[in-house]
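Asker: Read off the chains here:
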Amino acid sequence: MTAEKFDFKPKSKLKEWLGEKVIMLCALSALVSIALIFIFIFKESSPILTDEFIKDEVTVSEMVFPQQWKADEPPRWSWQPTSSTPKYSLFPLFVGTLKAALVAMLFATPLGVGAAIYSSEFASKRMREVIKPVIELLAGIPSVVLGFFALIVLASILQDLFGLTYRLNALNAGIALGIAIIPIIFTVAEDAMSSVPGSLRDAARALGANPWQVSFTMVLPAAMPGIAAGMVLGFGRAVGETMIVLMASGNAAIASWSFVDSIRTFSATIAAELAEVVFGSAHYSVLFFIGTILFIFTFFINLGGDVVLSRLRTRLQGKLQ
Amino acid sequence: MSQVAPLAQKPLQEDVKAHFRPKTQGYVPRGLTLAAVVLIIAILAILLGNIVVGGVGTISWEFLTSPPEQGLEAGGIYPAIIGTVFLVILMVICGVPIGVLTAIYLQEYTRPGSKVMRMIRIAINNLAGVPSIVFGLFGLGFFIGFVGRGIDGAFFESNQPVWGQPAIIWAALTLALLTLPVVIISTEEALRAIPREVKDASYALGATKLQTIRRVIIPQAMPGIFTGSILAISRGAGEVAPIMFTGAAYYLPYLPSKLNDQFMELGYHVFVMATQSPDVDKTLPILYGTVLVLLLLTFMLNFTAIMIRSRIRSRRKGE
Numbered sequence: 001m002t003a004e005k006f007d008f009k010p011k012s013k014l015k016e017w018l019g020e021k022v023i024m025l026c027a028l029s030a031l032v033s034i035a036l037i038f039i040f041i042f043k044e045s046s047p048i049l050t051d052e053f054i055k056d057e058v059t060v061s062e063m064v065f066p067q068q069w070k071a072d073e074p075p076r077w078s079w080q081p082t083s084s085t086p087k088y089s090l091f092p093l094f095v096g097t098l099k100a101a102l103v104a105m106l107f108a109t110p111l112g113v114g115a116a117i118y119s120s121e122f123a124s125k126r127m128r129e130v131i132k133p134v135i136e137l138l139a140g141i142p143s144v145v146l147g148f149f150a151l152i153v154l155a156s157i158l159q160d161l162f163g164l165t166y167r168l169n170a171l172n173a174g175i176a177l178g179i180a181i182i183p184i185i186f187t188v189a190e191d192a193m194s195s196v197p198g199s200l201r202d203a204a205r206a207l208g209a210n211p212w213q214v215s216f217t218m219v220l221p222a223a224m225p226g227i228a229a230g231m232v233l234g235f236g237r238a239v240g241e242t243m244i245v246l247m248a249s250g251n252a253a254i255a256s257w258s259f260v261d262s263i264r265t266f267s268a269t270i271a272a273e274l275a276e277v278v279f280g281s282a283h284y285s286v287l288f289f290i291g292t293i294l295f296i297f298t299f300f301i302n303l304g305g306d307v308v309l310s311r312l313r314t315r316l317q318g319k320l321q
Numbered sequence: 001m002s003q004v005a006p007l008a009q010k011p012l013q014e015d016v017k018a019h020f021r022p023k024t025q026g027y028v029p030r031g032l033t034l035a036a037v038v039l040i041i042a043i044l045a046i047l048l049g050n051i052v053v054g055g056v057g058t059i060s061w062e063f064l065t066s067p068p069e070q071g072l073e074a075g076g077i078y079p080a081i082i083g084t085v086f087l088v089i090l091m092v093i094c095g096v097p098i099g100v101l102t103a104i105y106l107q108e109y110t111r112p113g114s115k116v117m118r119m120i121r122i123a124i125n126n127l128a129g130v131p132s133i134v135f136g137l138f139g140l141g142f143f144i145g146f147v148g149r150g151i152d153g154a155f156f157e158s159n160q161p162v163w164g165q166p167a168i169i170w171a172a173l174t175l176a177l178l179t180l181p182v183v184i185i186s187t188e189e190a191l192r193a194i195p196r197e198v199k200d201a202s203y204a205l206g207a208t209k210l211q212t213i214r215r216v217i218i219p220q221a222m223p224g225i226f227t228g229s230i231l232a233i234s235r236g237a238g239e240v241a242p243i244m245f246t247g248a249a250y251y252l253p254y255l256p257s258k259l260n261d262q263f264m265e266l267g268y269h270v271f272v273m274a275t276q277s278p279d280v281d282k283t284l285p286i287l288y289g290t291v292l293v294l295l296l297l298t299f300m301l302n303f304t305a306i307m308i309r310s311r312i313r314s315r316r317k318g319e
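From first to last, the protein sequence lines stand for chains A and B.
For the first sequence, our numbering gives the first residue as 1, with consecutive numbering after it.
For the second sequence, our numbering gives the first residue as 1, with consecutive numbering after it.
If you're looking for bench data, these hints aren't it; they were derived computationally from the structure.
Where hints are given, some of them may not hold.
Restraint ranges, calculated between C-beta atoms of paired labels, are given here [to be verified]: (1) A:Pro86 <-> B:Pro219: 53 to 63 Å; (2) B:Thr65 <-> A:Phe300: 40 to 50 Å; (3) B:Pro219 <-> A:Ala275: 42 to 52 Å; (4) B:Gly71 <-> A:Trp257: 34 to 44 Å; (5) A:Pro86 <-> B:Gln70: 29 to 39 Å; (6) B:Gln70 <-> A:Arg76: 19 to 29 Å; (7) B:Val52 <-> A:Ala139: 16 to 26 Å; (8) B:Pro223 <-> A:Lys15: 41 to 51 Å; (9) B:Arg215 <-> A:Val32: 28 to 38 Å.
Just so you know, these numbers come straight off a predicted model, no measurement behind them.
Beta carbons are placed, not taken as given, at the ideal position from N, Cα and C, and that holds for glycine.
Whenever a hint applies, use it, and build me the whole structure from the sequences.
Answerer: Structure (C-alpha cells):
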C-alpha cells in the first residue's frame with residue numbers, strides 16, 4: 001500500500017460525532033421498524049376493541065365462540081365475511097392453519113432431522129458436499145414456485161394416488177409446506193449436532209462406543225434442544241407461509257378435522273381478502289387482527305428458538321470448567 | 001492405593017458396558033437417515049425436472065422480450081421481467097445502505113454482549129422471522145395508508161390518490177424491510193473476517209474511527225456487502241405476499257416509469273396465471289416458462305452469492 005492511500009484529512013470532531021450518530025440511527029432503525037410493524041398492525045386491528053360501530057358488526061367473542069346464525073340450527077363457527085350478515089369466526093381458519101402446519105411437520109421432520117443426522121454423523125466429506133448445496137437450492141426456491149408445483153402437479157398426483165374428493169386440500173398444501181421447511185429444520189439441527197465438541201466424541205470412543213453409538217447415545221441427546229428448536233422454527237415458518245397455502249389448499253373455511261378436506265389458513269385469508277376490502281371497515285380490521293395473531297405467534301416462536309439455540313451454543317462451546 | 005483403584009473403576013466399567021450393550025454396527029439408523037437424504041434429493045430432482053421439462057420449450061428470445069397478449073394466454077413476460085428488475089433495484093437502493101451501516105454499528109461501535117447490541121440482534125432475528133404476509137399488511141397500513149395518504153393530504157388537493165395507492169416505491173420499501181436481516185447478517189460476517197491488524201494499522205497511522213470505517217473497513221467488507229445484496233435480491237425477487245397489495249398489478253399495458261406507478265412482477269405473474277386464469281391448460285406453457293425464468297434468476301443469484309461467500313470464508317481461514 002502506498003503512502004497516498006492513507007493520506008487522511010485533518011480530524012474533525014464534529015464529523016466524527018455526526019458519523020457515529022448517523023450509523024447509530026441506522027442501527028436503531030432496525031429496532032424501530034420492528035416496533036413500527038407491531039404498532040401499525042395492532043393499530044389497524046384495534047377498532048375491533050374500541051370502535052362502537054365496528055363492534056356492532058364483530059366482537060372478539062364472536063370470532064372465538066360458535067354463533068347461532070339461524071333459529072333452527074345449532075350454533076356453529078363460520079367464516080363468511082362477505083355474506084349479507086358477515087360472519088367472522090376465526091375457528092375454521094385456526095383449524096386449517098393447524099392442519100396444514102401439522103402435515104408439514106409430519107412430512108418435514110423425519111426428512112430434515114434424518115438428513116441432518118446423516119450429514120453430521122455418517123456422511124463422507126464428499127457426500128456432505130452434495131447434501132449442502134441440495135439444501136441450499138431447496139431453500140432458494142421461491143414459495144410461489146412451490147405453490148405452483150403443488151397446485152399443478154402434486155395435487156393431481158395425490159388425487160390419483162388416494163382417490164380424493166377435493167383436489168386441493170390440507171394434505172396437498174401441507175406436503176408443499178413441508179418441502180419449504182425442510183431446509184430450516186435441517187440447517188438448525190445439523191448446526192446443533194456439529195457443534196458438539198470433538199473432545200466429547202473422542203471420550204465416548206475411548207470408552208468403547210462404536211461410531212453410531214457415539215451418535216445416538218451421546219451426540220443426539222446433547223444436540224436435542226437444537227433439533228427441537230429447528231422443529232419449532234420450522235413450525236413457525238409453516239404457520240406464516242402464505243403463497244403455498246393460498247395456491248394449494250383450496251381456500252375453503254371448513255372447521256373439520258379431516259386432512260383431505262379443503263382448508264383456509266390465517267395467512268391465506270389475509271392474502272385472498274385484503275385486496276377487495278374497504279379501508280377501515282370491520283373486515284379490514286379483522287384481517288389486521290389475524291395479522292396481529294400471526295405476528296405475535298411467530299415473534300414468540302422465534303424468540304424461544306433463539307434463546308434455546310444460544311443457550312445450547314454456550315453449553316456446548318462455552319468454557320468447560 | 002492399589003485397593004482403591006479397582007473398586008472405583010469396576011462399577012464404572014460395568015456401567016459403560018451396560019450403556020453400550022447392543023454392539024451392532026448401526027446399519028439401520030445409517031440406512032434410515034441416508035434414505036431421508038435420498039428422498040430430499042429426489043424431491044428436488046422431481047421439482048426441478050418437472051419445471052425444466054415443462055418450461056424449456058416456451059423460453060425464447062421473443063418470450064422474454066414481448067408483452068402478454070390475449071388475456072395472458074399468449075405472448076411473453078417482458079413487462080414482468082422489467083418490473084421485477086426495477087423493483088429489486090429500488091429495494092437495494094433503499095435497504096442496503098441502512099443494512100450495511102447497522103452491521104457496522106453492531107461490529108465496530110458496540111461492545112460484544114452489550115445491551116444495545118443484544119436488543120438490536122433480537123430485533124433483527126425477529127424481523128427475519130416475521131411472516132411475509134405481515135410485511136404486506138404493514139406495507140399497506142403504513143406506507144400506503146399512513147405515509148402515502150399523508151403526503152396526498154398535505155400536498156395534493158384532488159381526491160385522486162397520487163401516493164396513497166399501491167406503487168412500486170411502497171412495494172420496494174416493504175421488500176427492503178423484509179430483506180434487511182439478510183444484508184445485515186452477511187455484512188457482519190464480512191466485517192468479522194477483517195483482521196484486527198488492518199484496523200490497528202489504520203489507527204496507528206492516526207486515522208479516526210470514521211476514517212478507518214470509510215477508507216479501510218468498508219472497502220475490505222465489499223465482497224460481503226455484495227453477497228448480502230445479491231441474497232437480498234434473490235429473496236426479494238421471489239417474494240409475492242408483501243407486494244400483492246403494495247404495488248403489483250395483474251396486467252399493465254405500460255412499464256413503470258415513475259415511483260408511484262404500479263408494476264408487473266414475475267412471482268406475482270405466476271400466481272395470477274396459476275390461480276386466476278379462466279383456462280389453465282391454455283396458459284400452462286407460458287406459466288411453466290415464467291416459473292423457469294423466475295427459478296433460473298433466483299438460482300443464478302444464489303449461486304453467485306454462495307461463490308463470493310465461500311471465497312470470503314476461505315480468506316478468513318487463511319489468516
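Asker: Which of the listed hints are broken here?
Answerer: Violated: hints 6, 8.
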